[in-house]
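Novice: Sequence:
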Amino acid sequence: MGSYVSATVLGGLSGRLLGGFIHPPLHWRYAFFSAAALILAATLVAVVVLPRTKSVGSPANQSKSGLLSLLKRRDLVLIYSCGAGALLIFSPVFNFLPYRMEGAPFHFSTELTTLIYLVYVLGIFLGPLAGRFSNRFGAGRTLILATIIEAAALLLLLIPWVAAVIVGLLGVCAGFFTIHAVAVGLLNRKLSRNHGKANAIYMLFYYTGGWLGITGAGFAFERFSWQGVVFFVMCFLVIPLITGLSEKKAVGHG
697 MGSYVSATVL GGLSGRLLGG FIHPPLHWRY AFFSAAALIL AATLVAVVVL PRTKSVGSPA
757 NQSKSGLLSL LKRRDLVLIY SCGAGALLIF SPVFNFLPYR MEGAPFHFST ELTTLIYLVY
817 VLGIFLGPLA GRFSNRFGAG RTLILATIIE AAALLLLLIP WVAAVIVGLL GVCAGFFTIH
877 AVAVGLLNRK LSRNHGKANA IYMLFYYTGG WLGITGAGFA FERFSWQGVV FFVMCFLVIP
937 LITGLSEKKA VGHG
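Each number in the working numbering corresponds to the 1-based position in the sequence shown with 696 added.
If you're looking for bench data, these hints aren't it; they were derived computationally from the structure. The structure displayed is predicted, hence computed values, not measured ones. Do not take every clue at face value.
[Unchecked claim] Here are the simulated distance ranges between beta carbons: (1) I735 x M930: 28 to 36 angstroms; (2) L763 x L808: 42 to 50 angstroms; (3) T904 x A800: 30 to 38 angstroms; (4) D771 x Y726: 41 to 49 angstroms; (5) L763 x A800: 47 to 55 angstroms; (6) R919 x A896: 34 to 42 angstroms; (7) L746 x L808: 34 to 42 angstroms; (8) P801 x S765: 50 to 58 angstroms; (9) S805 x G762: 46 to 54 angstroms; (10) T911 x T739: 26 to 34 angstroms; (11) T806 x S921: 13 to 21 angstroms; (12) A848 x N791: 18 to 26 angstroms; (13) E807 x Y700: 29 to 37 angstroms.
Positions of the beta carbon are idealized from the N, C-alpha and C atoms, including for glycine.
Assemble the whole structure, with the sequences as input and the hints as a guide.
Specialist: Written out as structure tokens, the structure reads:
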């Protein structure tokens with residue numbers, strides 16, 4: 697799953713570079729057409745290359761069995777929420793970053809702001825490393841550590857200094873990609889069946905969290921500027937923290 701997270705990082709970075717370097721001389725809307733073409737191509741490759749899976753039992757029984765039980769388990773709901781909280785924190789930071797960097801005191805150009813997104817590269821390596829760290833020291837401890845790192849990194853983003861911003865963004869990436877990778881791995885370790893349904897629920901929570909984060913941060917930015925965005929997302933660090941503490945406690949009692 698760490699490799700999967702790394703692949704999503706590569707996709708996110710490619711999208712940022714596509715919009716920031718290739719299309720600004722033309723028009724930003726061209727980036728959407730290019731992204732749509734790439735998605736279509738990737739989908740066709742997946743359809744052709746990926747092996748077909750054999751279904752067990754009738755489709756009706758598959759759709760009914762296990763879905764409610766996956767939503768009733770407190771430990772799983774915490775993991776779903778952890779994924780939602782992770783993207784809720786991460787997305788606003790990087791979506792509102794251009795407004796921060798193009799304004800005072802930085803006055804960055806679009807191309808220079810785009811270069812900052814290269815901090816994403818850290819996530820390509822962190823996915824697998826987070827999985828190994830979690831296996832060695834426990835998912836709970838890893839989630840708690842990642843939350844602390846992300847909290848410190850968010851505070852750095854308040855400092856009007858380029859070096860502080862870059863280090864802060866690296867810390868946000870480190871915290872986010874670690875939380876995401878550990879949460880996905882932990883979810884699958886807790887299941888003996890219905891992995892597909894559980895991962896679908898996780899992704900539903902995950903992207904809903906991203907949508908809520910960007911929407912809420914938009915109001916925060918409009919009212920309180922960049923500081924409002926940072927303090928808004930910091931409120932949700934409590935989600936991975938509680939998940940980590942709960943997992944650590946469960947392992948201690950196990």
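Novice: Next step is simple, just say for each hint if it's right about the structure.
Specialist: The hints, checked one at a time:
no.	hint	verdict
1	I735 x M930: 28 to 36 angstroms	holds, 33 angstroms
2	L763 x L808: 42 to 50 angstroms	holds, 47 angstroms
3	T904 x A800: 30 to 38 angstroms	holds, 34 angstroms
4	D771 x Y726: 41 to 49 angstroms	holds, 45 angstroms
5	L763 x A800: 47 to 55 angstroms	holds, 51 angstroms
6	R919 x A896: 34 to 42 angstroms	holds, 35 angstroms
7	L746 x L808: 34 to 42 angstroms	holds, 39 angstroms
8	P801 x S765: 50 to 58 angstroms	holds, 53 angstroms
9	S805 x G762: 46 to 54 angstroms	holds, 52 angstroms
10	T911 x T739: 26 to 34 angstroms	holds, 27 angstroms
11	T806 x S921: 13 to 21 angstroms	holds, 20 angstroms
12	A848 x N791: 18 to 26 angstroms	holds, 21 angstroms
13	E807 x Y700: 29 to 37 angstroms	holds, 30 angstroms
Checked against the numbered hints listed earlier, the structure breaks none of them; every hint is satisfied.
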